[in-house]
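> So the chains spell out like this:
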Amino acid sequence: MARKEIIPKKHAMPCQTPAERVKNFAEVALGYSEQTAMAEAARCLQCKRPTCVDGCPVEVDIPGFIARVAAGDFVGAAQRLKEKNLLPSICGRVCPQEDQCEARCTLSKKFEPVGIGRLERFVADTQLWLEPAALPPEPPLPPASGFKVAVVGSGPAGLTAAGDLVRLGHRVTVFEALHKAGGVLVYGIPEFRLPKAIVEREVQALQRMGVELRTNFVIGKTETIDELLANSYDAVFVATGAGLPHFMNIPGENLNGVYSANEFLTRANLMKAYRFPEYDTPIHLGKRVAVVGAGNVAMDAARTALRLGAEKVFLVYRRSHEEMPARAEEIEHAEEEGIDLRLLTSPVRILGDKENWVTGCECIRMELGEPDASGRRRPVAVPQSEHVLPVDTVIMAIGQSPNPLVPATTPGLETTRHGTIVGDPETGKTGKRGVFVGGDILTGAATVILAMGAGRKSARAIDVWLRDPERKW
Amino acid sequence: MFPILAARTLAPLVKEFVIDARPVALKAKAGQFIVLRIDETGERIPLTIAGVDATQGTVRIVFLEVGKSTRKLGTLGAGDSLLDFVGPLGNPSHVEKFGTVVCIGGGVGVPAVLPIAHALKAAGNHVIGITGARRADLLILEDEMRGACHELFVTTDDGSRGDRGLVTDPLRRFIAEGRKIDLVVAVGPAIMMKAVAAATQPHGLKTVVSLNSVMVDGTGMCGGCRVTVGGQTKFVCVDGPEFDAHQVNFDELMMRQRMYRNQEKTALTRYDECRSAQPREEVTSRG
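Sequence order for the protein chains is A and B. The numbering used here applies: residue 1 is where the first sequence begins, and numbers increase by one. The numbering used here applies: residue 1 is where the second sequence begins, and numbers increase by one.
Warning: the hint list may mix true and false statements.
Claimed, not checked - Below 30 Å or equal to it, Euclidean Cα-Cα: the simulated BS3-like pairs (lysine-lysine) are:
(1) B:72 / A:180
(2) A:272 / B:265
(3) A:287 / B:234
(4) A:272 / B:72
(5) B:27 / A:148
(6) A:354 / B:265
(7) B:265 / A:23
(8) B:265 / A:312
(9) B:72 / A:196
(10) B:15 / A:180
(11) B:265 / A:287
(12) B:27 / B:15
(13) A:354 / B:29
(14) B:194 / A:180
(15) B:265 / B:15
(16) B:29 / A:180
(17) B:27 / A:429
(18) A:429 / A:23
(19) B:234 / A:180
To be verified - Footprint (simulated), chain B over chain A, 3 or more residues, beta carbon under 8 Å:
(20) 27 to 37
(21) 206 to 220
(22) 235 to 245
(23) 271 to 280
Calculated from the structure, these hints are not laboratory results. The beta-carbon is built from N, C-alpha and C at its ideal position, and this holds for glycine as well.
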């Protein structure tokens with residue numbers, strides 16, 4: 001094969017300019033055109049042993065779908081993609097490809113890797129808005145197994161498991177506590193990163209495959225796991241995520257104007273408070289906002305606050321830029337939009353007025369000391385460095401832990417001191433017969449794609465167990 | 001969709017709906033709540049369950065039309081449906097044989113305390129009820145309260161029904177008379193519950209209140225409902241809604257309840273303007 005000349009950089013994806021996008025909730029990145037996608041796909045070396053696939057938690061045939069894009073066969077590319085990934089429009093947007101497939105791309109040793117995520121998004125989007133009748137036929141389902149599986153939670157882990165289990169011939173019901181399916185994809189990740197219409201569309205595709213969805217149904221309250229098992233379900237997959245917000249336990253956290261990132265984002269995303277009063281859910285619109293934390297959720301909260309009309313948004317983080325856990329791209333976007341990073345800074349208390357409203361956030365400077373258990377240098381407070389950030393809104397984005405509703409109402413499920421359910425990391429098998437677990441409720445708060453990978457592994461394990469005549473546990 | 005099977009007006013701006021929601025009806029216990037949403041643009045509204053019929057699969061709710069959402073809810077009637085209805089949420093009331101229990105309901109707290117009074121009576125307690133409102137026409141479900149309690153005392157602010165005064169007056173009288181009381185349960189406006197707590201605290205009388213705070217999901221996810229109880233932050237939705245009245249920071253609760261006052265005003269003004277711009281028969285079609 002003739003050696004082709006390699007274009008060293010990924011083709012750029014057009015974006016709204018920072019000045020423009022901070023005034024709207026429309027998607028920041030606009031996606032490839034057909035020509036750009038084909039040109040980017042042509043950068044792929046089509047390695048004989050594709051290491052990129054090893055980096056994909058759901059094992060997408062990456063060179064396979066990219067070859068079809070390069071040839072202009074977008075329908076074929078989509079079919080190849082969907083064999084392994086049931087939510088490709090979502091993954092193309094929110095997966096940390098830089099740590100996964102793209103990190104292992106052969107090109108990345110010398111050049112920028114192939115823009116796998118951008119291509120995935122392009123391919124999936126070409127089909128997203130087609131009428132179901134216009135879509136290529138789904139592969140036929142295997143004969144019905146006769147087994148019924150209940151999936152608890154409709155986030156990325158639950159949806160993936162549900163899709164896989166239906167494809168394996170089982171009847172599946174997904175139970176969701178909220179009024180919309182999608183979990184963190186609908187309540188947490190903002191519209192400008194992942195339009196909610198896309199999530200809805202991907203969920204509809206699963207429903208067309210036969211997944212039954214029951215919203216407004218809280219497992220642990222409306223029915224328990226034991227009742228599901230007694231009432232005709234042969235197995236249960238628990239994928240309830242990490243939805244319980246953490247607070248710092250500092251004075252002033254119950255002042256009006258202090259939010260958990262969960263609440264702030266849920267009001268803005270799921271309830272569409274950014275369209276108040278057309279939508280009924282209100283949100284407190286601060287002029288000056290401090291977001292505490294530096295993960296993806298913190299970036300989402302800070303950028304949402306800007307779009308809601310805040311004049312100044314600080315991001316307060318106790319370590320340095322290097323330790324910020326958010327994706328590089330999210331940090332970059334946030335900085336471009338004018339988020340004021342206050343690094344090596346930690347809140348000590350929130351100040352308020354007589355009416356209980358926030359007037360400021362008192363912080364202390366930090367410096368990095370010896371490495372701690374996580375291997376990162378431990379932040380140590382600098383004496384007498386207290387100062388006040390004048391803000392009227394504070395958003396705590398310092399992490400979430402699993403919701404205890406299911407473990408607390410299910411005898412036989414063991415939990416760790418972090419509140420996660422104990423289960424086999426490979427299969428999700430728990431100590432309770434017929435109950436599997438996966439996603440954030442097993443691992444603690446992580447990413448969408450890892451949760452999807454867990455959903456896939458558990459779906460396989462559930463299938464194997466259901467079909468095993470001995471059903472050993 | 002969750003059909004409204006029956007609707008009636010209990011008092012000016014106070015309405016009662018019976019909702020077809022079998023999964024909730026089968027599980028609900030006294031003291032729990034539901035969250036509903038009227039339509040696609042609606043907010044999530046938490047309401048205490050005012051009774052269920054497990055055989056019929058129905059849930060009763062009672063609400064006061066205070067803001068845009070409850071006003072809009074009030075325009076619905078039998079034959080209409082709610083888009084979302086989820087529950088039962090929160091912890092059930094702790095019910096056992098305590099001895100003598102005083103159940104206090106103020107305003108729209110009456111429908112919330114009613115199932116608790118029933119459950120406590122069924123558990124073998126002697127139940128003394130106190131129910132109150134500002135005026136006679138605002139007093140709701142008096143007959144049902146009478147049925148749920150062994151004795152019932154009625155107060156109104158202006159004396160137009162029962163004794164003139166506040167619900168805390170009969171309570172203070174019982175305490176002064178030295179009646180043996182083992183538990184007080186109070187549900188109503190925060191200011192009323194605070195007054196009940198203040199009346200019983202000096203006497204070490206165990207008192208439970210059911211809090212109604214601002215919340216979104218009702219399952220522990222948002223933390224908007226947090227309240228300080230005994231110096232610690234608790235979530236009303238999953239740690240409550242019932243708490244030891246003597247430990248609750250009512251002043252903070254009341255200030256937090258006002259968090260969206262300005263937005264609520266904006267929404268209501270806009271709603272009223274839109275409605276008055278509609279043709280008259282549409283506005284009045286459901287009374």
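> Hints first: check each against the structure and report whether it holds.
Tested hints:
| no. | hint | verdict |
| --- | --- | --- |
| 1 | B:72 / A:180 | holds, 22 Å |
| 2 | A:272 / B:265 | holds, 19 Å |
| 3 | A:287 / B:234 | holds, 28 Å |
| 4 | A:272 / B:72 | holds, 18 Å |
| 5 | B:27 / A:148 | holds, 23 Å |
| 6 | A:354 / B:265 | holds, 22 Å |
| 7 | B:265 / A:23 | holds, 25 Å |
| 8 | B:265 / A:312 | holds, 26 Å |
| 9 | B:72 / A:196 | holds, 26 Å |
| 10 | B:15 / A:180 | holds, 28 Å |
| 11 | B:265 / A:287 | holds, 20 Å |
| 12 | B:27 / B:15 | holds, 24 Å |
| 13 | A:354 / B:29 | violated, 39 Å |
| 14 | B:194 / A:180 | violated, 37 Å |
| 15 | B:265 / B:15 | holds, 21 Å |
| 16 | B:29 / A:180 | holds, 26 Å |
| 17 | B:27 / A:429 | holds, 29 Å |
| 18 | A:429 / A:23 | violated, 47 Å |
| 19 | B:234 / A:180 | holds, 26 Å |
| 20 | 27 to 37 | violated (count 0) |
| 21 | 206 to 220 | holds (count 4) |
| 22 | 235 to 245 | holds (count 3) |
| 23 | 271 to 280 | holds (count 7) |
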